[in-house]
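Use these hints to put chain B onto chain A, whose structure you have.
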Amino acid sequence: MIFKKNSKEKEILKMCRYCFMCRHACPVFLETKMDSNTPRGHALLISRIDENISEWTEDTVDKIYQCSQCSLCKELCEFSWEEDTLIQSTREMIVKLKIVPDEIKKLKSFLINYNINQNKSPNVFDINNDRFDRKHIDVLYLAGYSTLFEQPEIIKKTADVLNSIGIKWTMFKEEGIAGIELFELGYTKEAKIAAKKLINKILEIKPKIIITGNPHVYKTLKSLTPQWDIDYLSDIKIYHIVEYLYLKIKDRTLKLKKNPNFSKIIYHDPCQLGRNMGVYDEPRELIKLITGNPPLEFLHSRNEAECCGAGSVMYLTHPDITRKMAQIIIYNALEMNAKTIVTACPNCKKVFEDASIKTNSNLKVIDIIELISL
Amino acid sequence: MQKTWSNSTKSIRNKLVEIFGDENVITDQSEIECQKVDVWWITRYKMLQEKDFQQPLAIVFPENKEQIVSLVKFCNINKIPIIPRGGGAGDSGGSVAIKSGITVDTKRMDKVLKINKKSLTIRVQPGILQIHLEEYLNRFGYTMNHLPASFNTSTIGGFVSTNGTGILSSKYGKLTDIVHQLEVVLPDGKIFKSLAVNHHSTGPDFSKLFIGAEGTLGIITEILCKIYPIPEKMAFLSFLLPNLKEGIDYGRKIMESGLEPCIMRFYDEKDTEHILKNQYKMKGKGCFLMIGFDGLKEIVDVQTKLVSKIISKNNIKELGDKQAWDWWKNRLRSYYPPLDYICEPWMTAVMDTIAPYECIENIYLNMKSAVEDGFKEFGAIFHAHFSHWYNWGTSIYPSFLVKDIPKEYDKAVKLYDDITDACINAAINNGGVINEHHGIGIRLGNYLKKSYGNEGFELFKKIKKALDVNNIMNPGKLGLNEVE
Chain A
-13 MIFKKNSKEK EILKMCRYCF MCRHACPVFL ETKMDSNTPR GHALLISRID
37 ENISEWTEDT VDKIYQCSQC SLCKELCEFS WEEDTLIQST REMIVKLKIV
87 PDEIKKLKSF LINYNINQNK SPNVFDINND RFDRKHIDVL YLAGYSTLFE
137 QPEIIKKTAD VLNSIGIKWT MFKEEGIAGI ELFELGYTKE AKIAAKKLIN
187 KILEIKPKII ITGNPHVYKT LKSLTPQWDI DYLSDIKIYH IVEYLYLKIK
237 DRTLKLKKNP NFSKIIYHDP CQLGRNMGVY DEPRELIKLI TGNPPLEFLH
287 SRNEAECCGA GSVMYLTHPD ITRKMAQIII YNALEMNAKT IVTACPNCKK
337 VFEDASIKTN SNLKVIDIIE LISL
Chain B
721 MQKTWSNSTK SIRNKLVEIF GDENVITDQS EIECQKVDVW WITRYKMLQE
771 KDFQQPLAIV FPENKEQIVS LVKFCNINKI PIIPRGGGAG DSGGSVAIKS
821 GITVDTKRMD KVLKINKKSL TIRVQPGILQ IHLEEYLNRF GYTMNHLPAS
871 FNTSTIGGFV STNGTGILSS KYGKLTDIVH QLEVVLPDGK IFKSLAVNHH
921 STGPDFSKLF IGAEGTLGII TEILCKIYPI PEKMAFLSFL LPNLKEGIDY
971 GRKIMESGLE PCIMRFYDEK DTEHILKNQY KMKGKGCFLM IGFDGLKEIV
1021 DVQTKLVSKI ISKNNIKELG DKQAWDWWKN RLRSYYPPLD YICEPWMTAV
1071 MDTIAPYECI ENIYLNMKSA VEDGFKEFGA IFHAHFSHWY NWGTSIYPSF
1121 LVKDIPKEYD KAVKLYDDIT DACINAAINN GGVINEHHGI GIRLGNYLKK
1171 SYGNEGFELF KKIKKALDVN NIMNPGKLGL NEVE
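Sequence order for the protein chains is A and B. Just so we're aligned, residue -13 is where the first sequence starts under my numbering, counting upward by one. Just so we're aligned, residue 721 is where the second sequence starts under my numbering, counting upward by one.
Careful, some of the hints might be misleading.
As the list claims (entries may be wrong) - Derived contacts from chain A toward chain B, CB cut-off under 7 Å, selection only:
(1) K0
(2) M1
(3) C5
(4) F6
(5) M7
(6) R9
(7) M20
(8) D21
(9) S22
(10) T46
(11) F65
(12) S66
(13) E68
(14) L302
(15) P305
(16) I307
As the list claims (entries may be wrong) - Okay, derived cross-link-like pairs now, EDC-like style, lysine to aspartate or glutamate, Cα gap no bigger than 16 Å in a straight line:
(17) A:K19 <-> B:D830
(18) A:K0 <-> B:D830
(19) B:K831 <-> A:E37
(20) A:K(-4) <-> B:E1064
I should point out that these hints are in silico values taken from the structure, not numbers from a laboratory. All figures in this text were calculated on a predicted structure; none of them were measured in a lab. Where is the CB? At the ideal position from N, CA and C, for every residue including glycine.
So that you can see chain B by itself, here it is in the shape it has in the complex:
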């Protein structure tokens, strides 16, 4: 059924059709319904309550950057919000049209433009799904080594926009490390192209401005990424450690030793109990540590031996590589319902945090206490794993879960906001830095001011104001709702 358009919106639709062609302008309510939701619990909760929320006037599917330029110019004149959207799998409402406007779905801009086997790069349009990009690379013997949980569903443009992180990030980095060059349509319709390499000393690297900006500063139209030959060998080790403290300590020692694990995942007691016992039928208490290496056979073999030298105490149980290989081969299995409790109405959120080693354990304990002690009456559960390691620190990937949510809508939303607030503050107040590579969006936007401080956030607002005079680019996200 077509949305009923008023006279003023009819002229908007006509203009959109002029720019994109009829087949690329979608006003079907069914598609709009599907795009009102992402992975954020609030949008999912609202979808199944009788609570409606703002939706876009239309969804457009650009096929080229010239169409985006025309759209941006038109929206600037008419002060119409633009909401870029990739896979729509963010968990913070970043691609939700809270101020209505036009959603720009990039998924029809999904071409591989060029693979360069000599310089190990690939140039792509933003709307290609990561799985399709990886399949393309694999055919020629290459990989991007960016393997996040939303591998099947998210676009490369979406990953750039949230500075996404895959499970191999300890060695291959986040999107900010993976991206060489970006092409962006700016809010005034001009096209910006950053320098062609990731590492340079040519003044500030402006491409970084758009990585993690969630479409608030422009729309990404082309990306040049690093690629790698598919590694000759992968090897895994796994251990059951007695407690969290020792696990973090061993992780730090491995990273400071100069070893380069491509993957290192360490689970707290609750995660170990839930994930490993249920999925892998593993017995025993403690914290599970899995380490993986990839690359040339000789290098992998040496690194594997050296890890066993670092972790060799009596109170540690070496589990061999079977559990770890099982995890690797079935790494996406836990994201399918019913194992992924996205299918349940339960209140959940991830609050990824990163910090130097000197404060990481304290942050974990404070976040855990903020959730489990602070919201004991609601049976709030906190669990976490540590999955991105560096020689200076690591990230905590914590989740909270409340199964018995208040029946009243307002109370449920307030509880969600209160737990988020307590948990994020526990992290920031103890030296943690928000690391939500699934998106900051609306959910965590208001914590940017606290994170950067007044001066830092004012600088961000000034940049936003300078680039986006009429505040049309994804308004209300990243805490930028205050920009006038």
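For reference, chain A alone in the conformation it holds in the complex:
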């Protein structure tokens, strides 16, 4: 038995293991078309192991990691059964049982040792050295592990925009990871240690406001850490950059340059920013202010937006599946006659860029901060 009697997970297993009702929307299923990649398939496989009818196999463990934890299944379920919670708890159990695939173990070690592995000097971001690690300053900008690692150009653009507002801001020279990446892999204990480390660093700086362009960092600090048994940042305001900049526009601190030449923009809602944190309107308003028009919308957008495939670090654990999931979004954008896809998450941007090249689509992929700083 994996889960305790009368546990929430047992209830979810019972409800989901034969239910087909969300399969059509599961973005991993949309790519693979395999039942074992669906919420129902996961629940059925876990249920049989939980009831001692079958045993864990490498294949079944791998299937549990082939989920981007985008929560679309829960969103579309009439009774909001938390299949994402089930996947999270099952991954924690996989860690406990020490049956984690080698590739995931390697990734965990890499993430834990991220600061040691980080060979890039922050100067690569073309930011003045005196910008780093300043104390008692109003605004702390957190780039997030994947932005630092994969999308340093976003950091430079963010710095340009923050400088243009004239606020006092700082960022860490060695930021480290927020912990959510480890959490999503089932390493909850290690995730909490990483989050605590980051929070302690933040408390040394004592900013009034934290802003980040990375929805994963945003969710960690604003939603996850308050649920964990660690100190969290109750006195500090935490914003995603789109929220912060929209506030600055409203209080007239920021005026965006109009660029009407930028047309046929479609906005992709990142799962963690949209469905998980409820930020839908601000990015659309910013796009409207710059281009003069609201962005084009996908057939499924806002709370029903499909995952790009990068969620739950699948772009590192299962890059082949991720690439094809991202390609589906690229094709969907082209079907809506978009010329540019804008998102507000470095992970989405990364996989869309790869998919756009792979599909020879000529679809331009940019982060919203790049649109703002144009």
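Showing chain B alone in chain A's frame:
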């Protein structure tokens, strides 16, 4: 974990990879586990018992019909069973690999090939999910008007293969009415394409042979369907009628009057009590009747008025349109657990039956008695609604439910088979015709002989034998386990 392949099966796998490519040949036990089950209670029950059952050697995901042709030719030479599968949401084991073999999952053949707005048709591959097809049509202002309960999960190919029926079938028909043209890979690897229109007089309409055949006569690779502009208006009425008899009578009068409801759902006392009271907080006893019209505003308005003239007796409570609109908007809600008791271990089955008006009430009473009186000691419950209406008859959509199932596996399975047998015989013996548009498969296959008679069933066997010499196409389904 890879399945351990013997030397002989290794060569099969190699051939499959040659035909489909490595990424389209799945031997992962996790996927096989998930495809061993459909909605049939027996497969669900077995999945959570320590009772294993036959599984496919491999699952293949074709991307085109040429791959299917190659597979069929290879399987014919080597006498390997082929089991076509769409959404896997049938309720009779039709897509379960009971004789092992190769499952052909069509879900990667999911393209819309052409929409023709002038002739109101759409040509599609079989593996597209109905919800995706409908979303595609809606974008251009059209609909297929095929909205079954498994709308989210079943493929159009699966619906054709079971002659599926949606909730708007009273006006728009079953798949046999919706399909214009089929392309089928026959068991010998040849490709058959039926005539391009649904209505013709060019000898027998061979496309009908493959509608409802559940993959026993070939694999469908292309479908041309009717489509409709999204209706300008929908309107609903609902009533609480005193009893079943009056409800059936009013349904008949509405249909014979020439009105064309797109939807008419009539619930027996038990269904009314359970569904409407629980879901819609409705008080009162009786039988709930809901009627809907769609189309041009003027036509909808006239039809709505005329219904009120037909149903105007004092003992009938008119409930207005709110309950009906609620049902329409939330029509899939009852298929989500916990409202759908698919999540429970309870023994359940649907035994959809259709019959002319002269015998429909008697069939209902006999089926109900067969379940509730015949299996009283097990607390068997019978409930039904009537949801597909014509001017000559209607269908009963009955379900049985046993919550307290025997602990021993063999006894539980025997009880399931006994209730099914009693209920189906009660229908057939009183003039009913099996109408299981969720699939005949294994569960009801043996009743085809009784339904068609010896001569009729022999004809079916001869057709099967002529087309599928080596009995490779979905063997053991539709009662065709006797074909040698």
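Status of the hints after comparison with the structure:
1. K0: Result: holds, 5 Å to nearest chain B Cβ.
2. M1: Status holds, d = 4 Å.
3. C5: holds (5 Å)
4. F6: holds (4 Å)
5. M7: Check passed: Cβ of A:M7 comes within 5 Å of chain B, closer than 7 Å.
6. R9: holds (5 Å)
7. M20: holds (5 Å)
8. D21: Constraint on A:D21 satisfied, holds at 4 Å.
9. S22: holds (4 Å)
10. T46: holds (5 Å)
11. F65: holds (6 Å)
12. S66: violated (10 Å)
13. E68: violated (13 Å)
14. L302: Nearest chain B Cβ about 20 Å off; hint violated.
15. P305: It is violated, given that the least Cβ distance between A:P305 and chain B is near 14 Å, above 7 Å.
16. I307: violated (11 Å)
17. A:K19 <-> B:D830: With Cα atoms ~10 Å apart, A:K19 and B:D830 stay inside 16 Å; holds.
18. A:K0 <-> B:D830: This hinted pair is violated, its Cα atoms lying about 30 Å apart.
19. B:K831 <-> A:E37: With Cα atoms ~39 Å apart, B:K831 and A:E37 exceed 16 Å; violated.
20. A:K(-4) <-> B:E1064: Holds - the C-alpha atoms of B:E1064 and A:K(-4) are around 13 Å apart, at most 16 Å.
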